[in-house]
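Here the protein sequences come in this chain order: A and B. So the first sequence is numbered by our numbering: it starts at 42 and just counts up by one. So the second sequence is numbered by our numbering: it starts at 25 and just counts up by one.
What the hints contain is simulated information worked out from the structure, not anything from laboratory work. Since the structure is predicted, the reported quantities are computational estimates derived from the model, not experimental observations. The C-beta atom is built at its ideal place from N, Cα and C for all residues, glycine as well. Any given hint might turn out to be false.
The list that follows gives simulated cross-link-like pairs (lysine to aspartate or glutamate, EDC-like), each with its CA atoms no further than 20 Å apart [stated by the list, open to error]:
1. A:LYS95 with B:GLU48
2. B:LYS341 with B:GLU382
3. B:LYS68 with A:GLU113
4. A:LYS69 with B:GLU51
5. B:LYS68 with A:ASP149
6. A:LYS69 with B:GLU382
Just the calculated beta-carbon pair ranges, DEER-fashion [what the hints assert, rightly or not]:
7. A:GLN116 with B:GLU191: 46 to 54 Å
8. B:GLN92 with A:GLN80: 45 to 53 Å
9. A:GLY114 with B:GLU191: 42 to 50 Å
For reference, the chains in residue letters:
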Amino acid sequence: MKEEESSATTRRFEQLANQGDTSQYLLKLYVTGMTPRSQRAIENIRVICEEHLKGRYSLEIVDIYQHPTLAEGEQIIAAPTLIKQLPEPLRRIVGDLSDTERVLFGLDLRERH
Amino acid sequence: MGIHETHDQALRRENEDLRHRLSEAVETLDAIREGEVDAIVVNKGGLRQVFTLEGAEHPYRLFVEEMQQGAVALGQDGTVLFCNHRFARMVGSEAGQVLGSRFTQYLSPASGEAWLGLAQMAAKGRAIEEIQVQRQDGGQFPASATASSIQTPQGNLLAVVVTDLTEQKSFERLIAAEEALKGEAARKDSFLTMLGHELRNPLAPIRNALYLMRKGIQDPVLMEKACAITEHQVAHLTRLVDDLLDVSRISQGKVQLKTKVIDLVEILRSVTLDYQPVCAENSLTLEVSLPSEPVQINADQERIVQVVSNLLHNAIKFTDPGGLVRLSVGVQEGEWCLVTVKDSGLGIPQEWLATVFEPFMQRRETIGRTRGGQGLGLAVAKGIVELHGGTISATSAGPGQGAELMIRLPLVNPVHHPPPHALAAETPEAVRRRRILIVEDVLDAATTMKLVLEMWGHTVEVAYDGRTGLEKANSFIPEIILYDIGLPGDLDGHIVARTIKATPGLEKCCLIAMTGFGSPETKDKASQAGFDLHLAKPVELEALAQVIARLPVLENR
């Protein structure tokens, strides 16, 4: 990498890191009723939020059986799906969210190694 | 592109973004392939469908199967596409039988309209309606149906949840019955209180009159007044007690009518003659309007007279001097006869009109003077009229504007019967001395009757029980025996009558039963037992005098 590039990357990384410290997260978890997988997804995201986003997140859980219209704009393909609406860009993670590293990467809280 | 970004940085950012999105897509596909999702969402033709993978819907299925209500999903042609086994059990069938059948076969015919309304409303949102569900075995039960519409690409489904309301309804009925009973009990309590007062009212004047009779025994004018008062009050008391017993018997369905074809015009003509004097006394005008042709009905003459007398009595009671009482008889549509009693008296307020025929209803005029009356007379009248297959109604323009009571009775198909001859009234003749035996256990009743008969010139003996009565009959050989048929003890009326008739010398003895109830049934029993005549207690002395006077003269002994 050229020098400018590496400094740009460093700067970008710092930006990200700073973002992680101060910006407000708006998360939505779309589940299907009370399946075990839904329970796990809910449990997992709660833990992640408390550990990494304490005080700066808003988590909404939507049951697509009970509230079918709420998922319409989000282009949900499968459930459970976690959507990070804010901060941008929009990110999407499918599954029971038990792979913490993957979730954190998906939420732009980690760089993939 | 940010201001400080170079072209390179913009490209890198875009690259980063694309990589994210690619990895998201790949991971989503992986998750689906590995079965790490519960459901897949498909958007087809603008309609979103959630396809649930196995296991995810298990709890819902469990709920639907286990819940207390029946659940069905119907296609647009009314076919059952899904039902839980509760519904199948509700209608007495099997899920396998219910599936594919027409839902309307599980509705009672009467519920058709309600069901249509429900289905229409459900198209706009959830709707709920009460229906009658019909089981396969023909039985029915009340139910509540909640219906909502489900949209699918293949058309709309109607999801219905059915709740059995049988228990709730019977509970509601119990509550209503309890309320009704409470109301009845309250009304009876209030009735008993008023009855107590009513019965007590005549006692005071009677007591006073007796005092006067004791003190004023030398004064014929005073005696006359005292006697008149006592007579009047006793008549009132007798009427009250008779009405009371009638009401009780009618409400227990124990009244039997002795019907025959009678001419109402003739009967009522003589009734009005009886009431002329009373009306004159009260300065009331009595108008009578009767058709010239006979009006024939199938009825119990005594009871019809009782009813019309009742109405006339009320009209007179509630109309001030100078007023008018009118009795008219007419024919309606060739099927009914109408008897109307109209008066120009106190009238009936609108709010009482509906309940005026019920017993136990308090009725007090608001004019400050109470004329008493329990409304018993009207209750009896209604009972009797209805037993005859007729109706009775009351109208009034309001307080102070009089009232009109109307009875409707079915006409008999006119078969010409010679009108029954009214019994010619006997003119009192000189009384022939008779030997009379009284068998009565109430001391005062026996004593007073003995005194009266002796005053009339007869020879009288008294026995206070059945056995003594038989003994005395043997020794005294009376021509007439006045026998209280309600005597306590084990001597049956049958036995007494037979024994007496079998006694030499007593074969032609006139056996008169004194009946405590005076009802047609008791009179029947009396004559079946072998008694020649019956008189209702309290025995009317005039009636007794007539009976004695008409007896054939027996040979001297």
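Taking the hints in turn, this is what the structure says about them:
1. A:LYS95 with B:GLU48: Not OK: LYS95 of chain A and GLU48 of chain B at ~25 Å, beyond 20 Å, violated.
2. B:LYS341 with B:GLU382: The given pair, whose Cα atoms are some 19 Å apart, holds under the 20 Å limit.
3. B:LYS68 with A:GLU113: Holds: LYS68 of chain B and GLU113 of chain A sit about 13 Å apart, inside 20 Å.
4. A:LYS69 with B:GLU51: holds, 18 Å
5. B:LYS68 with A:ASP149: Roughly 33 Å between the alpha carbons, so the hint for LYS68 of chain B and ASP149 of chain A is violated.
6. A:LYS69 with B:GLU382: Not OK: LYS69 of chain A and GLU382 of chain B at ~71 Å, beyond 20 Å, violated.
7. A:GLN116 with B:GLU191: 46 to 54 Å: With Cβ atoms ~49 Å apart, the hint holds.
8. B:GLN92 with A:GLN80: 45 to 53 Å: Once the Cβ atoms are compared, 27 Å apart, the range 45 to 53 Å for GLN80 of chain A and GLN92 of chain B is violated.
9. A:GLY114 with B:GLU191: 42 to 50 Å: The hint (42 to 50 Å, Cβ to Cβ) holds, given that GLY114 of chain A and GLU191 of chain B are roughly 46 Å apart.
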